[in-house]
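Q: Fit chain B to the known structure of chain A by using the hints.
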Amino acid sequence: MPQPILQSTTFVQWMQSLPISWLVSGTSDSVADAGAWPQLADVQVDRLKDAVEARFPDKAPVDALAHIGSERGLVQGGAVAGTAETNTAFATRLKQAWDKSWPYAGTPLAILLNLYYSLGYTGVAIVQQNGLVFRLTTPPNADPTTSLVITNAASLTAPATPVAPYTKTIPAGNPWWKFDDKTDFCSRFAVVITTANLPASWTSIVNPPTVTSAPTLSEVGLIRAIIQQWRNAEATCMGIYVGLAGKEWGIPESQVWGAGTGNWGGTSTVFTP
Amino acid sequence: MAATLASLLPSQTVLQLYTSLLGYYTAAGFPVTSWQAGGVERTRLFAFATVMQNTIASYMPSITAGGFVDYAPGTGWMSLLAAQVYNLTQNAASFTVGTITLTAAAGVATQTYQAGQLKITFPASGRSYLNQGTIVIPVGPGSVSGSFVAENPGSAYNDPSNVTGILLTTSIPGVTVGNVAFAYSTVVQTGSGTGTIGIGGSPIGAHQIVVRIDSSGQSGVASWSYSLDGAAYISAGAVASLTNIGGVGINVTLVNGAGTPSFIVGDTLTASSPGSWITSQGSDLEADLALATRCKARWATLANVGVTQLYQLLATSTPTVGSQVTQVIVQPDANINNKLLIVVAGAAGVLPVGTISTIQAYVAARTPTTVFPVVMSPTTLGITLAGTITCYVSQLANVQNLVQTAMTAYSNSVAINGTYRLSAIIEQIMLQSGVVDVSGVTINAVAANLTLGSTTTYVLGLLNALTFTYATVAG
Numbered sequence: 001m002p003q004p005i006l007q008s009t010t011f012v013q014w015m016q017s018l019p020i021s022w023l024v025s026g027t028s029d030s031v032a033d034a035g036a037w038p039q040l041a042d043v044q045v046d047r048l049k050d051a052v053e054a055r056f057p058d059k060a061p062v063d064a065l066a067h068i069g070s071e072r073g074l075v076q077g078g079a080v081a082g083t084a085e086t087n088t089a090f091a092t093r094l095k096q097a098w099d100k101s102w103p104y105a106g107t108p109l110a111i112l113l114n115l116y117y118s119l120g121y122t123g124v125a126i127v128q129q130n131g132l133v134f135r136l137t138t139p140p141n142a143d144p145t146t147s148l149v150i151t152n153a154a155s156l157t158a159p160a161t162p163v164a165p166y167t168k169t170i171p172a173g174n175p176w177w178k179f180d181d182k183t184d185f186c187s188r189f190a191v192v193i194t195t196a197n198l199p200a201s202w203t204s205i206v207n208p209p210t211v212t213s214a215p216t217l218s219e220v221g222l223i224r225a226i227i228q229q230w231r232n233a234e235a236t237c238m239g240i241y242v243g244l245a246g247k248e249w250g251i252p253e254s255q256v257w258g259a260g261t262g263n264w265g266g267t268s269t270v271f272t273p
Numbered sequence: 001m002a003a004t005l006a007s008l009l010p011s012q013t014v015l016q017l018y019t020s021l022l023g024y025y026t027a028a029g030f031p032v033t034s035w036q037a038g039g040v041e042r043t044r045l046f047a048f049a050t051v052m053q054n055t056i057a058s059y060m061p062s063i064t065a066g067g068f069v070d071y072a073p074g075t076g077w078m079s080l081l082a083a084q085v086y087n088l089t090q091n092a093a094s095f096t097v098g099t100i101t102l103t104a105a106a107g108v109a110t111q112t113y114q115a116g117q118l119k120i121t122f123p124a125s126g127r128s129y130l131n132q133g134t135i136v137i138p139v140g141p142g143s144v145s146g147s148f149v150a151e152n153p154g155s156a157y158n159d160p161s162n163v164t165g166i167l168l169t170t171s172i173p174g175v176t177v178g179n180v181a182f183a184y185s186t187v188v189q190t191g192s193g194t195g196t197i198g199i200g201g202s203p204i205g206a207h208q209i210v211v212r213i214d215s216s217g218q219s220g221v222a223s224w225s226y227s228l229d230g231a232a233y234i235s236a237g238a239v240a241s242l243t244n245i246g247g248v249g250i251n252v253t254l255v256n257g258a259g260t261p262s263f264i265v266g267d268t269l270t271a272s273s274p275g276s277w278i279t280s281q282g283s284d285l286e287a288d289l290a291l292a293t294r295c296k297a298r299w300a301t302l303a304n305v306g307v308t309q310l311y312q313l314l315a316t317s318t319p320t321v322g323s324q325v326t327q328v329i330v331q332p333d334a335n336i337n338n339k340l341l342i343v344v345a346g347a348a349g350v351l352p353v354g355t356i357s358t359i360q361a362y363v364a365a366r367t368p369t370t371v372f373p374v375v376m377s378p379t380t381l382g383i384t385l386a387g388t389i390t391c392y393v394s395q396l397a398n399v400q401n402l403v404q405t406a407m408t409a410y411s412n413s414v415a416i417n418g419t420y421r422l423s424a425i426i427e428q429i430m431l432q433s434g435v436v437d438v439s440g441v442t443i444n445a446v447a448a449n450l451t452l453g454s455t456t457t458y459v460l461g462l463l464n465a466l467t468f469t470y471a472t473v474a475g
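So the sequence lines, in the order shown, correspond to chains A and B.
Note that this note's numbering has the first sequence beginning at 1, numbered continuously upward.
Note that this note's numbering has the second sequence beginning at 1, numbered continuously upward.
Each computed DSS-like pair below joins lysine-lysine, with the alpha-carbon atoms no more than 27 Å apart:
(1) A:Lys178 x B:Lys339
(2) B:Lys296 x A:Lys100
(3) A:Lys168 x A:Lys182
What follows is a list of derived Cβ distance ranges for each label pair:
(4) B:Met430 x A:Ala66: 36 to 46 Å
(5) A:Asp99 x B:Ser357: 33 to 43 Å
(6) B:Ala238 x A:Asn141: 58 to 68 Å
(7) A:Val62 x B:Ser439: 45 to 55 Å
(8) B:Ser202 x A:Ala214: 55 to 65 Å
(9) A:Val12 x B:Pro10: 19 to 29 Å
(10) A:Ala214 x B:Thr75: 38 to 48 Å
Which bits of chain A does chain B cover? Going by a derived footprint, with three or more residues having C-beta under 8 Å, they are:
(11) 59-65
(12) 70-77
(13) 184-196
(14) 232-244
Just so you know, the hints here were simulated from the structure itself, not pulled from any lab data.
Quick reminder that beta carbons are idealized off the backbone N, C-alpha and C, glycines included.
Only chain A is shown next, with the shape it has when bound in the complex:
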């Protein structure tokens, strides 16, 4: 049976345990050798242990976590922008990549979870052309699927009519998110961050973003990377819709013409996905 290598006796202990009095007691050069050489060997053994343990999330030094994350496609919160995620929390998330990250790849939940953990965003909505809206209650529950809130988009008040070569007319009353008149093209979605849910750090929104804007080019780059990595391959992201001021049509879902929910006139911008 293999010995537990991480609990072995040190070289110093082994050397001091030898029944050779001239080596382990007194003040001779030999005694110094018996102290110094095994110390150096022990340091090397410790480094060997560290070298092996560095690949394990719970044992890894701080500067190894990002590389384990790179392998698992996960970015630590605060690494690029947003709320800092503690090393312990990130290590836990790395270990749970098996059952709390990758099994949801290709779903809106995966995008929302990664926007939350890696950037700290809350209140983000994912809208699908075919009428579903997804949000995440935060912090997510241990079972993140129970934190996903799915609602219908605002219903069409009049039929959505296609433009050629698209053919489908969508009857009034159906929940729908209108990007354009390509009514057959329901594999499209967008990420929406409303004015009310703008991250506090977004104080200088510029489109296209720059290295000095807030959010920075790096931060928007991470949003794009998260969307591209976690969306289902055949889905097309139409953009990252950002509310700048006022109200937007359809978000919240009750915000539609004739709903009596306030004045219009909001402004927004759309980062390319």
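A: Chain B alone, transformed into the frame defined by chain A:
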């Protein structure tokens, strides 16, 4: 306290270990600073530090790196890590296979050669190929074509088409050999129709043509459109054939298949010109970095829904041909719902049709309901390089061959939607033995870099015959 990753990745030097030892002795009260250089004490400690460095410390970086996909490449650990942790086998190198034509002059008698008995050698690269099967050389005058396989595996064996002066190393008086590219690639079809297209004419330059069926029917009834080199579709109407498409000399004829109607709306039929003498591209042993990328993509197999990385992994892991794939772009189609474009290419550019078909079948069998995956080659754009190369007169022929090989290699290195750069072309030419100078370099007649493709088009450069002018100087 655990060592940082940054401190574990570099190798500790003997001097560092020796200094640590001196520290221990100093702490124990020994006057190490008064020990003489070359004395017994210093020599003993230095020897011990050397042993420690050679036996343990020098291996620490690779032991550390071996556990990280980001760092394992190049350490010797990558293939083991991939196999044991990700259950991925490193793609082996594969052999180039191509079609060689042997032409017998008048007076040559018929002769039969078994597999491996005929050997040809390309003059520029010096690489050799052997016949794969039995080849019967006809009575002259006459010719026969046969498959030849590279002597060794690797992408270096993807020699260009239409090379002059290929040597028949197996001497057969009166017989010459050539590797003329087929005028067109094999037609690639997507959709459910049984019809195909016949293509002919004398195409000028490198082109790709896509025929899209706009209404179902037999040839002459079905209406169709064509796209030349990725441009917008142009309606051809309900005609059976069209000649000199785009003015580039390509003729297309719709040929009925077994079913009726033979052509179904939405079908596409794609062919490119010129084809290649290569029928199966050679590839190198999968690079550690490419294998690391596949390892990372392995996580995507945990999902119930296919993400981009999953399709990249499938394309590069397709049994028997995945090793040929060096580039993959996965994008939703811009116009058709749930249609997924998987654009692949190999070390030598556009992959043979058989390879594309094999990947298509492998991916399609693993795709969810309603998703329509289309494995395809990028469109090719003919690349014409020109300029003036000055070389030593005694080395002119050799320089021409070297430049041909170098430019082919450079063109193959430009990725799908990549950029041809003047600086890189000039650098590669100047690296060739015998070249003195190069000037006036242009790419497609323009003295500027050329970026291929766009966000919705996928283009790979295809090198046309070089049109460099050669000037010579004594030497």
